[in-house]
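Input sequences plus hints: build the corresponding full structure.
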Amino acid sequence: MQQELNTAFEIQTNLMPSETPEINGFDLAGVSVPAQSVGGDFFDYIQIDDYHWGIGLGDVSGKGMPAALLMSNCQATLRGQAVFGVAVNETVERTNKLLTRNIRRGSFVTLFYGVLDAISGRFTFANAGHNKPYVRRTDGTLEMLMLGGLVLGFIGTQKYGQDSVVLNPGDTLFVFSDGVTEAMNAQHDQFEEERLEELLKSIGDVSADEYVQTVHTAVKEHAGSHPQNDDITILVVKRSN
Amino acid sequence: MPFSTKEKYQAVIIKITGKFLGSVEGPAFKDTLEELKDSGKTKVVIDLSKADFMDSSGIGALIGALTTMKKVDGDVKLAGMKERIKNLFLLTRLLGPVFEDFDTVEEAAAAMN
Chain A
-7 MQQELNTAFE IQTNLMPSET PEINGFDLAG VSVPAQSVGG DFFDYIQIDD
43 YHWGIGLGDV SGKGMPAALL MSNCQATLRG QAVFGVAVNE TVERTNKLLT
93 RNIRRGSFVT LFYGVLDAIS GRFTFANAGH NKPYVRRTDG TLEMLMLGGL
143 VLGFIGTQKY GQDSVVLNPG DTLFVFSDGV TEAMNAQHDQ FEEERLEELL
193 KSIGDVSADE YVQTVHTAVK EHAGSHPQND DITILVVKRS N
Chain B
14 MPFSTKEKYQ AVIIKITGKF LGSVEGPAFK DTLEELKDSG KTKVVIDLSK
64 ADFMDSSGIG ALIGALTTMK KVDGDVKLAG MKERIKNLFL LTRLLGPVFE
114 DFDTVEEAAA AMN
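As they're listed, the protein sequences go chains A and B. The opening residue of the first sequence carries number -7 in my numbering; numbering runs sequentially from there. The opening residue of the second sequence carries number 14 in my numbering; numbering runs sequentially from there.
Any given hint might turn out to be false.
To be verified - Residues from chain A shown here face chain B by an in silico Cβ test under 8 Å; the list is partial:
no., residue
1, G17
2, A21
3, S53
4, K55
5, G98
6, S99
7, G121
8, G140
9, V143
10, F146
11, D222
Unchecked claim - The calculated lysine-lysine pairs, modelled on DSSO-like cross-linking and capped at a C-alpha distance of 27 Å, are:
no., chain 1, residue 1, chain 2, residue 2
12, B, K32, B, K54
13, B, K99, A, K124
14, B, K83, A, K151
15, B, K32, A, K124
16, A, K151, B, K99
17, A, K151, B, K84
18, B, K50, B, K19
19, A, K151, A, K124
20, A, K124, B, K54
21, A, K89, B, K84
22, B, K28, B, K83
23, B, K63, B, K83
24, B, K83, A, K89
25, B, K32, A, K212
26, B, K21, B, K54
27, B, K43, B, K19
28, B, K28, B, K50
29, B, K19, B, K84
30, B, K99, B, K63
31, B, K43, B, K28
By construction, these hints were calculated from the structure, which means they are not laboratory data. For clarity, every value in this text was computed on a predicted model and none was experimentally measured. We treat Cβ as the ideally placed atom computed from N, Cα and C, and that holds for glycine.
Structure below.
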């Protein structure tokens, strides 16, 4: 069994982006730390053409091997649809339709997915039941990307909306899974959105990687010796110029 | 066990108390639903008034319950959600297209009868 888990871990690790893409004018970073040997979170960078990149973060319900298998399925499905270069909401709709056909009863996936136009800085996104991401502007203000939608895997014909935001030089898009805000300490106090928001406001003009590490460190410090109870995934896109 | 069952208002009321983690409680919860289904008790209200926290697999367990009962023309409705859990259902957009919630168990049961 342990050998199977090791193999599954290896497969999952290989599915995560091994390299962060170099996108002119942008700085990207991401981390995903499973609570168990294998996880149900994923993030991905998908090149659509020279100037358009799909950026997604998903969270499969549950943990361990069943979640890991569904996570791999979802990630592969999303990749397969994203490269068609259709509208963002259509990519999510197609992914949902395919997942709904073969998902196990009681399982579902939350997904935040968007396409970055690396020339204009416009990021067009859809949200299938995922925690709402933030854009931190250069003056330290935070904007929550409010668009929502039904989780994936329920209704194959579900329609999704899309919205967009322009990242100006210095602005940062912060996407995360619920393992961040629901990280518990020994007293069962969660990290919570409020603490995350205060932290994001206080982070200065740092690289995307430092952004990720600062938040991850704060979450780990909050949890202290309490075991990690959910996968933690963080994805940052910063417009550098 | 953080959930208990009783029959009232011509429905089965499953009351969840404290933390409901699907990875921990899911199998027993599923067994309970299967037993209810087999004995023809297919109208279920989940009383969440004493539930403080639920993870995504906990929601999955409730979805499993709904699917189980819908297949045999039964139903599952939610009642008494606290704000934290309601926010989770709102975020996932499961309220409305998938689940109906009510302020009280009595109202939820009445909606099925």
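Evaluated hints:
no.	hint	result
1	G17	32 Å, violated
2	A21	25 Å, violated
3	S53	4 Å, holds
4	K55	6 Å, holds
5	G98	3 Å, holds
6	S99	6 Å, holds
7	G121	4 Å, holds
8	G140	6 Å, holds
9	V143	5 Å, holds
10	F146	6 Å, holds
11	D222	7 Å, holds
12	B:K32 / B:K54	25 Å, holds
13	B:K99 / A:K124	16 Å, holds
14	B:K83 / A:K151	23 Å, holds
15	B:K32 / A:K124	23 Å, holds
16	A:K151 / B:K99	23 Å, holds
17	A:K151 / B:K84	24 Å, holds
18	B:K50 / B:K19	15 Å, holds
19	A:K151 / A:K124	18 Å, holds
20	A:K124 / B:K54	38 Å, violated
21	A:K89 / B:K84	21 Å, holds
22	B:K28 / B:K83	20 Å, holds
23	B:K63 / B:K83	25 Å, holds
24	B:K83 / A:K89	21 Å, holds
25	B:K32 / A:K212	22 Å, holds
26	B:K21 / B:K54	12 Å, holds
27	B:K43 / B:K19	16 Å, holds
28	B:K28 / B:K50	17 Å, holds
29	B:K19 / B:K84	22 Å, holds
30	B:K99 / B:K63	13 Å, holds
31	B:K43 / B:K28	14 Å, holds
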